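K.L.:
Spelled out from the first residue to the last, the chains are:
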Amino acid sequence: MNSISANFRIFSMLLRRDMHVLRQRILGIWFDTMVILCLDIMLFACLIPLMGLPASMIAPIFLGSAIGQMFFKVTARSFDSIRDIHFTKFIEYHLTLPLPKTWLFAQIICSWVIETVAGIAPFIIIGVIALHKFFALSLIGWLKGIPFFILVATIMNMGGFACSYYYEYSWFMHNVWPRRYGLIYTLCPVYFSWEQAHAFSPRVAQLLLINPLTYCVEGFRSAMLGSNQFIAASLCMGALTFFGMISILMLRTGVKKRLDPV
Amino acid sequence: MSIPIISVKNLSKSYFSGKSPVHALQNVSLDIMQGEVFGLLGVNGAGKTTLSSILATLHPATSGHVLYNDKSIYQDLMNYRRALGFCPQSQNLDTYLTVEENLIFAGRYFLMSESDIAARTKELMQQLELTRYAQFEVDQLSGGNKQRLLIARALMHRPKIVILDEPTVGLDPDIRKKLWDIIKQLKANGITVILTTHYLDEAEYLSDRICILHRGKVKLIESLKDLKERHQQQKLEDIFLNCLKEYQAHEQY
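Chains as they are written, first to last, in my numbering: chain A, 1 to 262; chain B, 263 to 515.
Honestly, I wouldn't trust all of these hints.
[Unchecked claim] Here are the simulated EDC-like cross-link-like pairs (lysine to aspartate or glutamate), alpha carbons at most 16 Å apart as the crow flies:
no., chain 1, residue 1, chain 2, residue 2
1, A, 89, A, 195
2, B, 490, B, 466
3, B, 479, B, 356
4, B, 281, A, 18
5, A, 101, B, 293
6, B, 440, B, 391
7, A, 89, B, 356
Keep in mind that the hints were calculated from the coordinates and are not lab data.
Being a predicted model, the structure only gives us computed values, none of them experimental.
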């Protein structure tokens with residue numbers, strides 16, 4: 001006997017635990033975010049314009065940087081996850097609970113998404129207000145931007161979680177930054193737009209299209225700013241769904257390899 | 263004590279370590295009786311942890327069956343998990359929670375009512391002498407207290423079967439003795455205990471029946487009394503060492 005309602009109740013209890021822990025940690029997370037926020041505002045409102053960056057680029061770069069912050073948080077969580085698989089083994093306790101493993105992994109990703117959104121969202125709202133002279137506030141598409149932001153958080157967390165299971169521990173610890181995460185971050189249009197990259201070199205722009213972070217950054221800009229200077233949010237949603245499916249396949253393979261669960 | 267609560271039939275487990283196959287368990291068959299303490303013994307790599315992990319539903323078997331009350335555990339996995347308490351070798355406690363919260367959330371995961379959780383938490387903390395540490399973070403606890411908390415967490419939902427995988431490894435003798443009393447108490451309460459250990463004094467003190475695993479195979483299952491009579495030895499340690507010599511000689515031959 002394990003009805004959907006029983007699974008859902010256990011799922012909720014696991015989520016309740018994670019929210020209990022998040023409540024204890026949220027001030028620290030917000031403090032860290034505020035430090036970055038203050039530095040970003042100083043950078044984007046004062047220093048970068050002095051170097052001749054057009055004012056029209058400040059808002060897209062700030063939004064790109066928010067997604068970059070999310071990327072750093074997710075990669076840090078993936079390191080926690082791989083350490084747990086190999087050393088703490090807290091996941092093994094969860095695997096003996098009366099909850100199917102698909103529900104369990106969905107719950108973990110759900111908690112990660114909530115933590116990521118709770119940690120970054122205030123950064124964006126306060127940043128947009130602080131940098132109001134660079135944003136056309138009345139034109140900001142919050143209604144499109146917020147769901148897109150949650151989608152990005154979901155896909156990114158799925159990817160980070162999948163990586164922590166897919167790669168072997170020592171390979172991951174030594175190589176995942178230089179060979180995966182570092183490449184993804186460096187080859188993504190956080191400090192420029194894809195269109196500008198295309199104008200510079202179509203080859204480089206094509207290369208950027210194989211990077212999932214490109215769609216996260218460009219789609220979020222498109223959803224929030226509604227401009228046609230960026231890759232359309234709908235197109236980015238399609239691409240991110242595709243990357244989400246790849247993450248699920250990687251996660252399935254990785255979980256089988258690392259945990260071999262029932 | 264004669265009704266099997268768990269029956270293991272022709273259980274095998276193989277996996278790859280690098281490119282070479284490892285046959286961790288080979289055709290293991292055994293019955294675990296209701297209310298007994300079943301001691302699983304063997305040297306390192308004998309397959310004890312693999313077997314207890316399969317019984318705890320952490321890993322699937324490559325072939326063979328595990329029956330709980332005559333039904334495959336995989337037919338009603340969630341029901342079996344509700345009947346089971348698993349105390350693993352690694353102290354995988356929730357380090358973000360206090361001692362009390364660890365137990366409260368363990369109760370919630372098994373959908374116990376809040377009033378039952380409160381009563382059971384209090385009862386277990388008293389029984390396992392954890393009350394004074396209730397508000398301690400897990401990382402502030404000593405190894406022995408962590409182990410007690412691990413046992414308390416496994417017992418929270420009142421399981422019928424408890425799997426203890428090396429429960430006293432690395433603990434001081436006095437703490438080991440206290441944990442033994444707790445395990446004795448579990449048996450007195452009618453709980454079936456599967457005890458994986460390589461401490462022979464522990465197995466001798468606690469187990470009703472002993473199973474020796476060697477290179478993934480069951481070599482012997484016998485009550486402690488019968489074992490001592492048959493081998494004309496008073497200490498399990500001597501019996502175990504004799505058996506081991508015999509198995510190794512047999513392998514060489």
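K.L.:
Hint by hint, where does the structure go against what was stated? Just the numbers, ascending.
P.N.:
Structure breaks hints 1, 3, 4 and 5.
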